[in-house]
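As given, the protein sequences belong to chains A and B, one line each in that order. Counting from 1, one number per residue, gives the positions in the first sequence under the working numbering. Counting from 424, one number per residue, gives the positions in the second sequence under the working numbering.
No lab work stands behind these hints, which were simulated from the structure alone. Just so you know, these numbers come straight off a predicted model, no measurement behind them. Do not rely on the hints blindly, as some may be mistaken.
[As the list claims (entries may be wrong)] Below, computed lysine-lysine pairings styled on DSS-like, alpha-carbon distance capped at 30 angstroms:
1. B:LYS432 with A:LYS126
2. B:LYS434 with A:LYS126
3. B:LYS503 with A:LYS126
4. B:LYS489 with A:LYS126
5. A:LYS126 with B:LYS507
6. B:LYS507 with B:LYS489
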Amino acid sequence: MSKRRVVITGLGVVSPNGTNVSDFNKAIQDGTSGIRSIEKLKQLKFSCQIAGLPIYKLDHLNNYFNSIQLRGLQASGMEYGVIAGIDAWKDAGLSISDSDTPLWDAGVIFGTGILGVDKFREAIYKVDEGNVRRLGSTTVTQTMASGISAFLGGMLGCGNVVTTNSSACSTGTEAILMAYDRIASGSAEIILAGSTSDSGPYVWGGFDAMRILPYKYNDCPTKASRPMSASASGFVPGSGAGALVIESLENAQKRGTTIYAEILGGHVNSGGQRNGGSMTAPNNEAVQQCIIRAIENSGIQSNDIDAINGHLTATIKDSAEIQNWCKALGRQGTDFPYINSLKSLVGHCLAASGSIESVATILQLKENFIFGNINCEDLHPEIQSLVDRDKIPTKTLDFSANIIAKASFGFGDVNACVIFKKY
Amino acid sequence: MNKEELLSKLKTIIAPYVQNQEALKNLTENTDFIKDLEINSANLVDVILDVEDEFDIEIDNEAMEKMLTVKASIEVIENKLAIK
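Input sequences plus hints: build the corresponding full structure.
Pasting the structure below:
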């Protein structure tokens, strides 16, 4: 059976540098960083006292949640995910149904790493005090991983798959590919896909303890996230959510809605934590395999790729990632596609990174630009030796890309690569 | 606290959870929380916690199971206040 064509018809984002698509679009083109000092991290004696944190007024939530849902809400990832998800849905020209019949052909695949950490902390204190009876009804729904897909599915009345995937930092990109597969195979017409990540010390603390966050930039937060730079010293933790309405071309045309881009295909895999791969490091061969099979699955040639939105977190692994792209594509030097990393502007939004970065990638295709990488004027020499300097722009370029590859890699030695095409 | 005051406080507590606003307007002693006011059954525990906070009482599981109507709730609250 031939695959059905799949397109993107709606976008939503809650990013450290823009909490709606239009602000985010401007911020990435202007090179505006969303990384800031976080007083709480300083009080708690974190080494890294900065982070990518979305900023909005509390009453903004009234546009998305009812008063009951807001009572005792202590799940930042739920806030980000619902805002991004509902925005994407409306952006796609879809209405919020109050019908008694669920939308049988519409689903939600919305990933997260961990949800409602602050709510869980509150619950732990109460339980340990012997006061479990005072937890209230929302501890479960705010802390279950699938709380985010459950909230969105209920708000929208979705009757197809409603689930939450989790694969560390590849979660968001994986969610897009899960939605793509389900629509391509004919099991659904519309899927709200995306991912979200809680913010705060309890999420970021574990990474601080691993000493993989930069600690020398507490006084100059916007300089701290330095993907591909010789002076990169770790990733800046971030948070937020990205959401995409993914739809069969057939259904989108029938609705006569705006199409942002097409998903040609992709691949997810794992390096099995073998051959250099581990819980925290990628098996390079698996990364290359993932990219190669994504290209094959999309029915294109590696030369068709005009730009790459990398994973590129600003650790020592950036050089290895560039090398993997070079090998997988068989391209280097001036022949290499343009490449950028959103993490220079927002940090590493963990489970949300793949979806937020995909929103940025699709905006590039739709609006004909390649956003600039900040903080990599001092390109890493190993990267310099592989890729022509002009292919790593430090300022936003006017460029009409036809095909952009987006990849994400995560703890557990898991990889995801998706191929987007201008429509 | 007389019954009028108690009823008015109870009404304020349950208001945010009520899905049938019409039934809330016509609240009587016989109003049923789930059938008439269409309060989500999962939210009944939240109503109980709010009642505990408002009246500074503790409602045990047995008493809580009875609190499905306005009348039963007022009786439970009055009993708990009396032994405070």
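Okay, the hints, checked on the actual structure:
1. B:LYS432 with A:LYS126: Roughly 26 angstroms separates the two Cα atoms, so the pair holds.
2. B:LYS434 with A:LYS126: Holds, at about 28 angstroms.
3. B:LYS503 with A:LYS126: holds, 23 angstroms
4. B:LYS489 with A:LYS126: Within the cut-off at roughly 25 angstroms; holds.
5. A:LYS126 with B:LYS507: The given pair, whose Cα atoms are some 24 angstroms apart, holds under the 30 angstroms limit.
6. B:LYS507 with B:LYS489: Status holds; Cα separation ~19 angstroms.
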